[in-house]
Amino acid sequence: GAGVSQSPSNKVTEKGKDVELRCDPISGHTALYWYRQSLGQGLEFLIYFQGNSAPDKSGLPSDRFSAERTGGSVSTLTIQRTQQEDSAVYLCASSLTGWGTETQYFGPGTRLLVL
Amino acid sequence: AQSVTQPDIHITVSEGASLELRCNYSYGATPYLFWYVQSPGQGLQLLLKYFSGDTLVQGIKGFEAEFKRSQSSFNLRKPSVHWSDAAEYFCAVGGATNKLIFGTGTLLAVQP
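Here the protein sequences come in this chain order: A and B. Under my numbering, residues 1 to 115 are what the first sequence spells out, in order. Under my numbering, residues 1 to 112 are what the second sequence spells out, in order.
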């Protein structure tokens with residue numbers, strides 16, 4: 001079956017604009033994660049969705065960042081009023097149930113550049 | 001605090017030589033440990049994982065890792081490196097919720 005897909009692959013935006021990044025998890029996976037990969041910060045956890053539970057937003061760096069997951073499938077990460085420090089690769093992953101021993105399957109990422 | 005340390009930012013080995021990538025973790029509960037590889041332009045791919053049982057785990061592409069609780073380490077090894085192993089390697093620790101904490105990565109270069 002298809003893996004995790006993300007769109008767009010690349011996004012260039014101007015400082016202050018809003019952006020939306022999309023993630024399509026593997027079909028049937030109930031857990032979905034967003035991570036950010038940036039120079040100097042490595043890979044950082046942002047947010048985690050598991051089924052119908054309230055999402056774990058503990059990794060979101062500011063209130064400009066938000067995410068939603070509609071119908072338990074597709075997720076959108078929104079960054080409002082983008083700043084240059086938001087430039088990074090945003091990675092989405094999914095796993096079957098969210099249990100700690102499971103493998104997370106990663107998408108190819110969205111490379112965001114804020115000018 | 002929960003963290004993962006990969007002390008080697010960049011390693012160069014000759015093709016055919018053995019490889020060991022170091023990983024140390026700090027985690028307050030039972031750790032679940034992972035090694036992922038990221039090739040240029042590719043997403044992260046799981047190499048292997050440990051959560052219980054035999055402390056020596058085998059993974060894909062001929063990699064193995066050994067969990068040493070006393071040293072809080074989970075080092076990745078391969079007996080003979082191939083040119084196609086050139087990539088960035090990430091160690092990660094997680095717990096029950098599968099929220100992963102990653103190390104900063106080790107970039108592996110392979111000399112012919």
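Since the hints were made in silico from the structure, they are not lab data. The reader is advised that the hints may include incorrect statements.
Here's a subset of chain B near chain A, in silico, CB distances under 7 Å, partners left out [stated by the list, open to error]:
| # | residue |
| --- | --- |
| 1 | Ala29 |
| 2 | Tyr32 |
| 3 | Pro40 |
| 4 | Gly43 |
| 5 | Phe51 |
| 6 | Gly95 |
| 7 | Asn98 |
| 8 | Lys99 |
| 9 | Phe102 |
| 10 | Thr104 |
Among the chain B residues that face chain A by a calculated CB cut under 7 Å, a handful are [unchecked claim]:
| # | residue |
| --- | --- |
| 11 | Ala17 |
| 12 | Leu46 |
| 13 | Leu48 |
| 14 | Gly94 |
Since this is a predicted model, take the numbers as computed values, not measurements. Note that CB positions come from ideal geometry on N, CA and C, so glycine has one too.
To see whether the hints hold, each was checked on the structure:
A cut of 7 Å between beta carbons decides the hint on alanine 29 of chain B: the least distance to chain A is about 10 Å, and the hint is violated. With its C-beta approaching chain A no nearer than about 5 Å, tyrosine 32 of chain B sits inside the 7 Å limit, and its interface hint holds. About 12 Å separates the beta-carbon of proline 40 of chain B from the nearest beta-carbon of chain A, more than 7 Å, and the hint is not met. Using the Cβ-Cβ criterion of 7 Å, the hint placing glycine 43 of chain B at the interface with chain A is satisfied: the shortest such distance is roughly 4 Å.
The closest approach between the C-beta of phenylalanine 51 of chain B and any C-beta of chain A is roughly 4 Å, which is under the 7 Å cut-off, so the hint is satisfied. Interface restraint check for glycine 95 of chain B: the shortest CB-CB distance to chain A comes to about 5 Å, inside 7 Å, so the restraint holds. The criterion of a C-beta within 7 Å of any C-beta in chain A is met by asparagine 98 of chain B, whose closest approach is roughly 5 Å, and the hint holds. The interface hint given for lysine 99 of chain B holds, since its Cβ lies 5 Å from the closest Cβ of chain A, which is under the 7 Å cut-off.
Of the supplied interface hints, the one on phenylalanine 102 of chain B holds, with its beta-carbon coming within about 4 Å of a beta-carbon of chain A, less than 7 Å. This hint holds: threonine 104 of chain B has a C-beta 4 Å from the nearest C-beta of chain A, less than the 7 Å allowed. The interface hint given for alanine 17 of chain B is broken, as the beta carbon of that residue sits about 27 Å from the closest beta carbon of chain A, more than 7 Å. Contact between leucine 46 of chain B and chain A, as hinted, is supported at the beta carbon level, the nearest pair being about 5 Å apart and thus within 7 Å.
Hint on leucine 48 of chain B is violated. Least Cβ distance to chain A is approximately 10 Å, over the 7 Å limit. A least Cβ separation of about 5 Å between glycine 94 of chain B and chain A falls short of the 7 Å threshold, and the interface hint therefore holds.
Of the numbered hints stated above, those contradicted by the structure are hints 1, 3, 11 and 13, listed in ascending order.
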